[in-house]
Every structure is written in C-alpha cells, then in structure tokens.
Amino acid sequence: MYLNELIEGEKVTLLANINGETLTFDTTINQVSPGKNLVLVNVVFVDGKIVTFRGANLTIDLVVSPISDTPQIFKNVAITLVKKFDGTLTYSISSIASSKNYNRRDSYRCFVGVSTSVQKKLNAIPYDAVIKDVSAGGFSLVVPQDLKFENNQVIHVVLDDYLDELSEKFTFHLYGLVVRSEDLEKNRVLYGCKFNQKVNGIENYIMKKERIRLKKNSGKS
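If you count by this note's numbering, then the sequence shown holds residues 1 to 221, one letter each, in order.
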C-alpha cells in the first residue's frame with residue numbers, strides 16, 4: 001500500500017519516536033493527492049498548542065488500520081506543518097516507500113519510568129535499575145554503565161506500579177532475554193529485553209496506562 005491509496009476521512013495514528021520512547025497521536029486524513037505519495041492530515045493539539053513534530057533524533061511513523069485488512073505502517077515519513085489555501089493549518093505527510101504489516105500490540109512501547117532492582121539470575125545480588133518502558137513483547141531497562149549484560153543473557157526485574165488515577169497497583173515479575181544495548185548520557189546504558197515467557201496481565205496494564213496518558217494529553221480530568 002502507498003500513501004495515495006489511503007482514503008479521505010480515514011483515521012490514522014502518528015508514532016513519534018525519540019530516544020527510544022514512542023508517543024502516539026490519533027488524527028484524520030483530510031486530503032489525498034492521487035498523483036503523489038502524499039496526504040494531508042488534521043493537526044494535533046497538546047495543551048492547546050499544535051504539535052510541530054520537529055526536533056533532533058525524532059522520527060515519525062504513520063499507522064492505518066483498515067477495517068477488513070491488517071494494520072499497515074509507513075516508516076519514517078516526512079512530515080511538515082503547512083497552511084492550506086483557506087488559511088487552515090495541516091500536516092503534509094509524504095513517503096516514497098510502501099507500507100508494511102504492523103502488529104501494534106507487540107510493537108507499542110508504554111513508558112513506565114519506575115525504579116526497580118535487576119538480577120542477572122535467580123537469587124543473585126540485585127542492582128539498582130529503572131524500567132524505562134514495556135510492551136507486550138518485552139521491556140527496556142536503564143542501568144549504570146559499570147553493570148554489564150551480555151546478549152541472550154536472561155535477567156529478572158520486578159515491575160511495581162501504582163496508578164493513582166485508578167487506585168490500582170500492578171506487580172509483574174519480568175524475565176527478559178537481552179537483545180540490544182545503547183549507551184546513554186551520564187554513564188548509563190539502556191538494555192532492550194525480549195520476554196522469554198508470557199506475562200499474564202501485562203497487556204491490560206499497558207492499555208490502562210495508555211488510556212490515562214491519552215486523557216492527560218487531551219486535557220480531560
């Protein structure tokens with residue numbers, strides 16, 4: 001699928017990816033350019049201001065979920081805030097690449113930012129760490145630079161998070177297989193981990209966290 005195959009009025013989601021964190025913004029296509037791989041979509045407001053989607057290390061993906069087909073993702077699209085002939089502002093989004101199948105459930109990263117302790121193996125010495133985000137398929141962890149993990153090593157953390165808005169506490173034992181690492185500022189390292197077994201209830205937790213985030217972004221109490 002190409003952008004010019006989308007339909008005016010179709011709901012789409014913009015994924016803003018920056019420094020390993022993903023923010024989601026729902027919007028609507030307001031115009032399709034048949035002869036170009038370009039669409040115009042309605043602008044997004046946060047705290048009464050238009051999101052410009054400009055910044056270093058920022059990439060934007062566009063996701064569309066056809067009713068009778070697999071959700072599609074257009075990776076790393078070009079997005080520009082422009083003014084239409086009638087004076088209204090809109091986003092112009094273009095991409096020469098076709099879309100790919102998208103599994104939002106496994107790919108969406110829910111920001112957590114909760115302090116925890118990590119063990120290299122069961123009953124091993126715990127080390128201080130921070131769970132940065134979690135998805136249905138894994139999690140990422142930030143630790144001091146002198147704490148080293150190897151690829152394919154299994155590590156264990158406990159995710160404890162109390163959602164004030166719901167007066168509900170969640171506790172998960174997460175066992176992850178280290179699949180990537182990234183050096184960060186202030187002598188820290190981020191490790192990405194893939195679950196080596198299913199974590200019951202994690203998708204429900206992610207859904208509730210996302211609803212709270214969206215409600216805050218919309219300005220609703």
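Quick caveat, the hints were computed from the structure, so don't treat them as lab data. Any given hint could be a false lead.
Stated by the list, open to error - Keeping only pairs whose Cα atoms sit at most 25 Å apart, straight-line, the calculated DSS-like set for lysine-lysine is:
{"#": "1", "residue 1": "Lys194", "residue 2": "Lys215"}
{"#": "2", "residue 1": "Lys121", "residue 2": "Lys198"}
{"#": "3", "residue 1": "Lys11", "residue 2": "Lys194"}
{"#": "4", "residue 1": "Lys169", "residue 2": "Lys186"}
{"#": "5", "residue 1": "Lys216", "residue 2": "Lys194"}
{"#": "6", "residue 1": "Lys186", "residue 2": "Lys120"}
{"#": "7", "residue 1": "Lys84", "residue 2": "Lys121"}
{"#": "8", "residue 1": "Lys216", "residue 2": "Lys49"}
{"#": "9", "residue 1": "Lys215", "residue 2": "Lys100"}
{"#": "10", "residue 1": "Lys49", "residue 2": "Lys120"}
{"#": "11", "residue 1": "Lys209", "residue 2": "Lys148"}
{"#": "12", "residue 1": "Lys100", "residue 2": "Lys49"}
{"#": "13", "residue 1": "Lys121", "residue 2": "Lys11"}
{"#": "14", "residue 1": "Lys120", "residue 2": "Lys208"}
{"#": "15", "residue 1": "Lys83", "residue 2": "Lys120"}
{"#": "16", "residue 1": "Lys186", "residue 2": "Lys198"}
{"#": "17", "residue 1": "Lys75", "residue 2": "Lys11"}
{"#": "18", "residue 1": "Lys84", "residue 2": "Lys120"}
{"#": "19", "residue 1": "Lys194", "residue 2": "Lys120"}
{"#": "20", "residue 1": "Lys169", "residue 2": "Lys100"}
{"#": "21", "residue 1": "Lys209", "residue 2": "Lys169"}
{"#": "22", "residue 1": "Lys208", "residue 2": "Lys11"}
{"#": "23", "residue 1": "Lys75", "residue 2": "Lys121"}
{"#": "24", "residue 1": "Lys11", "residue 2": "Lys100"}
{"#": "25", "residue 1": "Lys49", "residue 2": "Lys209"}
{"#": "26", "residue 1": "Lys121", "residue 2": "Lys209"}
{"#": "27", "residue 1": "Lys148", "residue 2": "Lys121"}
{"#": "28", "residue 1": "Lys84", "residue 2": "Lys11"}
{"#": "29", "residue 1": "Lys11", "residue 2": "Lys169"}
{"#": "30", "residue 1": "Lys198", "residue 2": "Lys209"}
{"#": "31", "residue 1": "Lys194", "residue 2": "Lys209"}
{"#": "32", "residue 1": "Lys100", "residue 2": "Lys36"}
{"#": "33", "residue 1": "Lys198", "residue 2": "Lys49"}
{"#": "34", "residue 1": "Lys11", "residue 2": "Lys209"}
{"#": "35", "residue 1": "Lys120", "residue 2": "Lys75"}
{"#": "36", "residue 1": "Lys148", "residue 2": "Lys169"}
{"#": "37", "residue 1": "Lys186", "residue 2": "Lys215"}
Stated by the list, open to error - Simulated restraints, written as ranges between beta carbons of each label pair:
{"#": "38", "residue 1": "Lys186", "residue 2": "Ala97", "range": "20 to 26 Å"}
{"#": "39", "residue 1": "Pro144", "residue 2": "Val82", "range": "27 to 33 Å"}
{"#": "40", "residue 1": "Gly113", "residue 2": "Lys148", "range": "44 to 50 Å"}
The structure displayed is predicted, hence computed values, not measured ones. Yeah, the Cβ is synthetic: ideal placement off N, Cα and C, and Gly gets one too.
Hints, verified against the model:
no.	hint	in the structure
1	Lys194 / Lys215	29 Å, violated
2	Lys121 / Lys198	18 Å, holds
3	Lys11 / Lys194	31 Å, violated
4	Lys169 / Lys186	31 Å, violated
5	Lys216 / Lys194	29 Å, violated
6	Lys186 / Lys120	23 Å, holds
7	Lys84 / Lys121	58 Å, violated
8	Lys216 / Lys49	14 Å, holds
9	Lys215 / Lys100	29 Å, violated
10	Lys49 / Lys120	45 Å, violated
11	Lys209 / Lys148	30 Å, violated
12	Lys100 / Lys49	31 Å, violated
13	Lys121 / Lys11	45 Å, violated
14	Lys120 / Lys208	30 Å, violated
15	Lys83 / Lys120	54 Å, violated
16	Lys186 / Lys198	33 Å, violated
17	Lys75 / Lys11	17 Å, holds
18	Lys84 / Lys120	56 Å, violated
19	Lys194 / Lys120	15 Å, holds
20	Lys169 / Lys100	37 Å, violated
21	Lys209 / Lys169	12 Å, holds
22	Lys208 / Lys11	22 Å, holds
23	Lys75 / Lys121	37 Å, violated
24	Lys11 / Lys100	17 Å, holds
25	Lys49 / Lys209	23 Å, holds
26	Lys121 / Lys209	29 Å, violated
27	Lys148 / Lys121	13 Å, holds
28	Lys84 / Lys11	20 Å, holds
29	Lys11 / Lys169	33 Å, violated
30	Lys198 / Lys209	19 Å, holds
31	Lys194 / Lys209	20 Å, holds
32	Lys100 / Lys36	19 Å, holds
33	Lys198 / Lys49	40 Å, violated
34	Lys11 / Lys209	22 Å, holds
35	Lys120 / Lys75	35 Å, violated
36	Lys148 / Lys169	31 Å, violated
37	Lys186 / Lys215	32 Å, violated
38	Lys186 / Ala97: 20 to 26 Å	36 Å, violated
39	Pro144 / Val82: 27 to 33 Å	45 Å, violated
40	Gly113 / Lys148: 44 to 50 Å	23 Å, violated
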